[in-house]
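Participant: Using the numbering used here, read the sequence shown as starting at 1 and increasing by one per residue.
Worth double-checking, as some hints may not be accurate.
[To be verified] Pair ranges (Cβ atoms, derived):
1. Phe-149 to Val-109: 34 to 40 Å
2. Thr-96 to Gly-44: 34 to 40 Å
3. Val-74 to Thr-161: 34 to 40 Å
4. Ala-223 to Gly-68: 29 to 35 Å
5. Ala-48 to Gly-68: 27 to 33 Å
6. Leu-89 to Pro-150: 20 to 26 Å
7. Asp-157 to Ala-225: 37 to 43 Å
8. Gly-192 to Thr-100: 18 to 24 Å
9. Val-163 to Glu-33: 35 to 41 Å
10. Ala-223 to Thr-63: 33 to 39 Å
Hints are computed from structural coordinates only; laboratory data are not their basis. Backbone N, C-alpha and C define an ideal beta-carbon position, used for all residues, glycine too.
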Amino acid sequence: MRRTAMVLGLIALLSAGFAQLATAERILDCDFEDQPLDQLIGTGGAAAHQPVDLGGIDAFVRTSPAGGQALEIVDGVDFGALTVRFEFLNSVEITTGVLTLSAVLHFVVDDRYLVYVREQAGAAHSFLNLSFAAGGVVLQGDADDFGMFPVGSYTLDEDLTLVITLDLDAGTCAVSLDGVVIVPAESTGVTGAGVGSILFGFDHDPDLIGDYFIQSVTADWTATAVAVKAFSTVKSAW
Numbered sequence: 001m002r003r004t005a006m007v008l009g010l011i012a013l014l015s016a017g018f019a020q021l022a023t024a025e026r027i028l029d030c031d032f033e034d035q036p037l038d039q040l041i042g043t044g045g046a047a048a049h050q051p052v053d054l055g056g057i058d059a060f061v062r063t064s065p066a067g068g069q070a071l072e073i074v075d076g077v078d079f080g081a082l083t084v085r086f087e088f089l090n091s092v093e094i095t096t097g098v099l100t101l102s103a104v105l106h107f108v109v110d111d112r113y114l115v116y117v118r119e120q121a122g123a124a125h126s127f128l129n130l131s132f133a134a135g136g137v138v139l140q141g142d143a144d145d146f147g148m149f150p151v152g153s154y155t156l157d158e159d160l161t162l163v164i165t166l167d168l169d170a171g172t173c174a175v176s177l178d179g180v181v182i183v184p185a186e187s188t189g190v191t192g193a194g195v196g197s198i199l200f201g202f203d204h205d206p207d208l209i210g211d212y213f214i215q216s217v218t219a220d221w222t223a224t225a226v227a228v229k230a231f232s233t234v235k236s237a238w
């Protein structure tokens, strides 16, 4: 009787074939609440809930406009594009599965704010380029594009929830802002590399007025589901 019940259970699970559900693993988790207030943030990486490089930017832990602690980054030079780089636990570079990057951002004044997705320890592979430009325009590009193109809008002095979903198996990236899809899943144009970092900063401009808060940044990786053979295939192997 017990054997019969086990076989019936297997039939129920396997007769149509299915994929084992993978559990998302958090590989970056920074909300800055555990960092010293009004201090330049460290560069200890994901294990310390910190970036790995400040890129010449003034990056201090402050009280955010919405309350709580956040990382405030300020445009302090009038040359080049500067970014603060966050990487994942153990400096891992994700090449398969689905990677979801989330951040809550707060832009104080008009400027040219950047969010990039790149490989680990480099910037040669443009999985995603986002620019929150003056006038409330969001621009997007990637390795498939020559330049950046308008995809949406944003409002100054409000919390904005950015979600970036990368399917590394399909080679696609999708972007939503405050729950609205602004970039449907499309090819990134990147081959031969994985995702290893998310960067926040400022595009080149002559002024020094850029100022924004990163209230949180997280990365969750779901491994590629493991396909299980259909029951007819399994049965034939018994």
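Participant: Decide, hint by hint, whether the structure agrees.
Facilitator: Hints versus structure:
1. For the pair Phe-149 and Val-109, the beta carbons lie near 24 Å from each other, so the given range of 34 to 40 Å is not met.
2. For the pair Thr-96 and Gly-44, the supplied restraint of 34 to 40 Å is violated, since their beta-carbon distance comes to about 27 Å.
3. Checked against the hint of 34 to 40 Å, the pair Val-74 and Thr-161 fails, with Cβ atoms roughly 22 Å apart.
4. Between Ala-223 and Gly-68 the beta carbon distance is about 32 Å. The supplied range of 29 to 35 Å therefore holds.
5. Under the hint 27 to 33 Å, the C-beta atoms of Ala-48 and Gly-68, about 19 Å apart, miss the expected range.
6. For Leu-89 and Pro-150, the hinted distance range of 20 to 26 Å is not satisfied, since their beta carbons lie about 35 Å from each other.
7. The given range of 37 to 43 Å is respected by Asp-157 and Ala-225, whose C-beta atoms sit roughly 42 Å from each other.
8. Against the hinted window of 18 to 24 Å, the Cβ-Cβ separation of Gly-192 and Thr-100 comes to about 22 Å, which satisfies the hint.
9. Under the hint 35 to 41 Å, the C-beta atoms of Val-163 and Glu-33, about 21 Å apart, miss the expected range.
10. Checked against the hint of 33 to 39 Å, the C-beta distance between Ala-223 and Thr-63 comes to roughly 38 Å, which is consistent with it.
Checked against the numbered hints listed earlier, the structure breaks hints 1, 2, 3, 5, 6, 9; every other hint is satisfied.
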